[in-house]
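Chemist: Protein chains in written order, with this note's numbering: chain X, 4 to 175; chain C, 865 to 1227.
Bear in mind the hints are in silico, worked out from the structure with no lab data behind them.
Since this is a predicted model, take the numbers as computed values, not measurements.
Incorrect hints may have been included.
Listed next, with one range per pair, are the computed distances between beta-carbon atoms [said to hold, decoys possible]: (1) Q944(C) <-> S161(X): 30 to 36 Å; (2) A929(C) <-> E75(X): 46 to 52 Å; (3) E27(X) <-> Q1119(C): 42 to 48 Å; (4) E122(X) <-> R1018(C): 25 to 31 Å; (5) S161(X) <-> R1018(C): 16 to 22 Å; (6) T87(X) <-> R1209(C): 52 to 58 Å.
Backbone N, C-alpha and C define an ideal beta-carbon position, used for all residues, glycine too.
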Amino acid sequence: MKCQQCDKPATFHITELTGGKPQELHLCEDHARQYLTQSSNEPAGAGGMAAALAQHMVQKMQVSQTAEELAELDQQSCPVCGITFYEFRSQGRLGCPHDYVCFKQQLEPLILNIHGEAEHAGKSPRRCPTGSEKRTQLIRLRREMKEAIAEELYERASQLRDQIQRTEAERP
Amino acid sequence: MVDAVELDDLTKNSGEWLRGGGPEADIVISSRIRLARNLAEFPFISRAAPQDRTQIEKLMRGCVAELKESGELLYFELEQLEGVDRQLLVERHLISRELAEAQGARAVAIDHRETFSLMINEEDHLRMQVLHSGLDLQSVWEHINRIDDLIESRVTYAFHERLGYLTACPTNVGTGMRVSVMLHLPALVITRQIDKVFRSLQKISLAVRGLYGEGSQAMGDFYQISNQITLGRSEEELIKQVGDIVPVIIDYERQARDFLIKESHENLHDRVSRAYGILRTAQTITSEETMHLLSSVRMGVNLGLIHDVQIPLVNELFIHTQPAHLQKLTGGPLETSDRNIERARYLRRLLNKEDGDGGAGKN
């Protein structure tokens, strides 16, 4: 894909989530730098999520990170639900609770920019959230089963189904 | 589980929040809090397979059956509802447009008074809301917090020690809470001060939306004011942030109304009377014009310029004259032009009945 501003390849894909509809931008490194510096200078609240991301990326670029390295960060995927960080940026929705853990590095500056805070100060579930590993395991097993069915690996799928049932039965 | 009779009953009545009571009810229509919650062992909706959605819906249906919140809850599976019925629920503020227009297994549970609704498989697995009449955030919070605890005792929420309740979009993470107050601000619109108010609200990170939330236009001079931040503050702090600013806006609106009464009493009285006259006599009328005129009438009643109609009826007309309600109330699908004729007929019938003599045009 070409940059929207010039003929260089677009290596930055930005989704603006402010305003009515998500707006997608595809830019080369130079134009992305220009765009991101602009939007991160906007007054608080105007840039929203894109500005947070922008700031984060500009900081990254300042420590002379290459576009390839950033693209790599974008291609990182969640081992539980399979979503890549790029997919999240395109649609603005995360894939599963585990994304908050595996995309911590990318999400933290974003969250800080949206909320101005990074730590929850409200109520907590009365029951202590235990066994979260087991729950993420369930999400992963269900996904693997779905994929096995799609690939017509029925033996694998039935093994996974048994494993899901066992894990569910273990639940507190 | 869907019961057409129940839905028809719903149509004829109106929700508790429209009764026009509660503190500051001349300006504050309703107080609302919604909580976004997800189940820990399923992917979020965007990555959920159809089987996941079905399983979530089934699980929550079982949970809802045990809730018994002020009597048994009504439960509607959206896939089994006709388009007009889904639209009806949107018009009543019981579900979002997003839920109405989505695909796959999804549902809503509603209490009989329509103060509580729980959407299943919207942007998050669970979106629950409590809606009360007037400015009443504290009791809204107590109400929804109680239900949240009840649900949480039956399912495991996705929760992170440091980030709080985990949501599909990071803009809702933390408390997952949106506190909003719906205000009727016609005088600030007439005196062109409304933009100034909005700009100052945005500076303190409060959002302003129209009658039907995100992306909707401010029909009938109704505006919802809500918190934007959901993380790093407690629920009580978020409620206070919105709750503290509302009286200030109410005060602005009252000042604007006083100004209009003092400085251009004839103009204001004329505007209100003409609006009332058109609503009582028109032969065909669009939804937009109806909303616009009802807004003037509502203000006129509150300022004592109109005496023979009550606020609950005016509130109800805002909802009952919208497309899906009108079609349900007048018994069938209608083309836009027929709908405008039916709407005018419906308005004439209800507004001329109110003063007891049934004669159109009396003023």
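Chemist: State for each hint whether it applies.
Modeler: Okay, the hints, checked on the actual structure:
A C-beta distance of roughly 32 Å is found between Q944(C) and S161(X), which places it inside the suggested range of 30 to 36 Å. Under the hint 46 to 52 Å, the C-beta atoms of A929(C) and E75(X), about 48 Å apart, fit the expected range. In this structure, E27(X) and Q1119(C) meet the distance hint of 42 to 48 Å, their C-beta atoms being roughly 44 Å apart. With their beta carbons about 28 Å apart, E122(X) and R1018(C) fall inside the hinted range of 25 to 31 Å.
A hinted range of 16 to 22 Å is violated for the C-beta pair S161(X) and R1018(C), which are about 30 Å apart. Against the hinted window of 52 to 58 Å, the Cβ-Cβ separation of T87(X) and R1209(C) comes to about 56 Å, which satisfies the hint.
Checked against the numbered hints above, the structure violates only hint 5.
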